[in-house]
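Trainee: Given chain Y, put chain P in place with the hints provided.
Protein chains: 2
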Amino acid sequence: MLEAMLSRAKAAQAALGRSATAERDRALRAMAAAVRAATDDILAANREDLARPEAQALSASLRRRLELSAAKLADLADGLEAVAALPDPLGRGSGLRTLPNGLRLEQVRVPLGVIGLIYESRPGVTVEASGLAVKSGNALILRGGREALGSNAALVRVLRGALADAGFDPDVLQLVPDPDRRWATALMHLEGLDLLIPRGGAELIRTVAREATVPVIETGVGNCHLYVDRAADLDMALAILRDGKVGNPAVCNALETLLVHREVAPAFLPRAYERLSADGVRFHGDAAARALVPAMEPATEADWAQEYLDLELAVAVVDSLDQALAHIARYGTRHSEAIVTNDYAAGMRFHQEVDAAVVYWNASTRFTDGFQFGLGAEVGISTQKLHARGPMGLEALTTVKTLAWGAGQTRDLR
Amino acid sequence: MLEAMLSRAKAAQAALGRSATAERDRALRAMAAAVRAATDDILAANREDLARPEAQALSASLRRRLELSAAKLADLADGLEAVAALPDPLGRGSGLRTLPNGLRLEQVRVPLGVIGLIYESRPGVTVEASGLAVKSGNALILRGGREALGSNAALVRVLRGALADAGFDPDVLQLVPDPDRRWATALMHLEGLDLLIPRGGAELIRTVAREATVPVIETGVGNCHLYVDRAADLDMALAILRDGKVGNPAVCNALETLLVHREVAPAFLPRAYERLSADGVRFHGDAAARALVPAMEPATEADWAQEYLDLELAVAVVDSLDQALAHIARYGTRHSEAIVTNDYAAGMRFHQEVDAAVVYWNASTRFTDGFQFGLGAEVGISTQKLHARGPMGLEALTTVKTLAWGAGQTRDLR
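Residue numbers (this note's numbering), protein chains in the order written: chain Y, 1 to 414; chain P, 1 to 414.
Everything labelled a hint here was simulated from the structure, so no lab data went into it. A couple of the hints might just be wrong.
Which copy? The list can't say, so a pair holds if one copy fits it or any two copies do.
[Claimed, not checked] With a straight-line Cα cutoff of 20 angstroms, these simulated SDA-like cross-link-like pairs (lysine to any residue) come out:
| no. | residue 1 | residue 2 |
| --- | --- | --- |
| 1 | Lys10 | Gly167 |
| 2 | Lys72 | Ala295 |
| 3 | Lys10 | Leu309 |
| 4 | Lys10 | Arg330 |
| 5 | Lys10 | Gln323 |
| 6 | Lys10 | Gln384 |
| 7 | Lys10 | Ala20 |
If we strip away everything but chain Y, and leave its shape as in the complex, we get (with noise of 0.2 angstroms):
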């Protein structure tokens, strides 16, 4: 089934890489009001996965992810025309090079081809994802979440008829039909797929990450630290504590462990401990915390290790800087990481040695984000260290072609 859908894929997205940019962002204003008219049935589709027992059995948490509403649709279909409104990232080239015997070279962007995305409950994934794809040229393949089938299937269904009616063959988007796990693992290994993002928990990530044969950009895993250095503004310390911590715990940018400098530990912790209790805070303390706040809970290993997604906090007395960036080094995920200091020679260090996508002196993590980062679009925050690193705007979508213009240019022979 999969090679079918690869096929029929790559002969859509030859046409849409291709087209103008006018076409693609007419194509996705079609789909934004394609989503807008059709509210009534998504809805209805949603209604119903809901009602299934699979649904029934999930977490409050995962049952409001997997819920839409018109409201949420409208937004998505918004996001859609904040797409069209982005620029192109496709036709753009490095410069002309002509090179000593004439022969001229241009790298262009091109589209990365087919792109499989797998993702967990939420329906919005696919509105948002099919839109960076028609914009960047690709076409995708969606396996959503079991739970999701109905919803995704009516949402796809009316993206398709939008393309269709912008002119371009509807097979740029396609939904696996089939819940069946072994087709997320059958999407893992489908030669000729040009990308493969998976989007969603961590086991997920780590998950396709690990059994994927098809090149994989692996997103969202975030366990990051603030460090409180001996050095710090602690008033600004706990600002940005607060804000990583309690802004938004769900999310990958966010606060999961605190180390503090031994010497202004008895200052900072007492503090944050009252300040984020107050917000709802659970502290996993180590030795030396619990000595300064013995209402801590006792910090496992483990603890140093979780991304704990949720308002709970682990915190380490460190020595010195070393200890911090070893402590970083070992248990941090390479996402953002923050210092608090006013010593030179402190940030600089931390700048340089911290290796992480983001590196923060004296500013919260909760900034690692395409939009905030003024990419005017969220592909995913990549955590490796190929291709893209940190927030992926759309060119993380795209690669390079280079063209060459000859007179008969010959190397070795004439």
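Mentor: Chain P alone, transformed into the frame defined by chain Y:
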């Protein structure tokens, strides 16, 4: 064993990655001097490798790859000095950006970290890869061919000595000392390795790409085509064909298949056959090609997919540009493809529709090469679409890190 090597490599890389350009360049010049000074010892180790039964069993061409000479070592030393003279790929920034809230962001080039290399007989690769790694601030774990183990060990000993003399931790360069195949497999699954590069034959590269769970860059499989359009200058086409097939048939940017438009096949094929037969080329033609040149051997399905890397050429007559494009889409390896035509529309379509790293219009595919492209170094030629595509310079061995300077900025809370 590999975990311990990786841990030592990470520690050694930290200092190398932060070192100044001048220090790394000094180390590279020290490595060059050390190779020159140790020429006798290295050649003695190489003679021992050549005298072992495994080497005696090798084909003549593989023995040639294994064999070092004083001249080859001098070239390798010169190569290290040439790398020292290249611009530093590290430390360059994208230009500071200031967000509306005053947060300042700069994306800077940093090393990948620890790179693994799996390669075959050629001990020269040990020196070339070491030079590129040191220049780009990366540590290297080398896993060479079993038949070259003594030569590689001698080279790595010399290079490590020079690194230590230049003030760097020699664990920047480490050779897997045990030739057992399981260590190659273990390297493909060494969690924490930032990149694994296979260098060698197509089989090695495919195995690594399929099996590895660490990030891989695939290089150098090239089933390259020349399409001679009906509007081609046939003299130009013949020169480009000869250059591509005869100039150096053993390399990945050599031509493997000739596609000729039916209208010019009667004028072109007999000439091409006569000229390239005199060069020693064997032709494998389809029925239409053999109707024009009966002396060609019949081509089988396998010929279209094969990278001969030798004086052999597959030939097909096509009815149209569309048929040529379909053939290339089906059998090409996305490396380098060429058209010869003076027809604007045909050339434009070929440029736009062929999915390959480099697409030539009226020039030889043999220019796909880091040195020819002016990159100054040859990390390899990527045939994948993520991270790097086409000839890779030192920048392909780097990634980016975003540094953020704040004044206490928070996103949601104060």
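Trainee: Would you mind marking each hint as holding or not holding in the structure?
Mentor: How the hints compare with the structure:
1. Lys10 with Gly167: within (17 angstroms within a copy, 53 angstroms between copies)
2. Lys72 with Ala295: For Lys72 and Ala295, neither the intra-copy (41 angstroms) nor the inter-copy (69 angstroms) Cα distance is at most 20 angstroms.
3. Lys10 with Leu309: Intra 38 angstroms, inter 29 angstroms, cutoff 20 angstroms: neither.
4. Lys10 with Arg330: Cα proximity of Lys10 and Arg330: across copies only (12 angstroms, versus 42 angstroms in one copy).
5. Lys10 with Gln323: between (51 angstroms within a copy, 17 angstroms between copies)
6. Lys10 with Gln384: between (27 angstroms within a copy, 17 angstroms between copies)
7. Lys10 with Ala20: Within one copy only: 18 angstroms inside a chain, 47 angstroms across chains, cut-off 20 angstroms.
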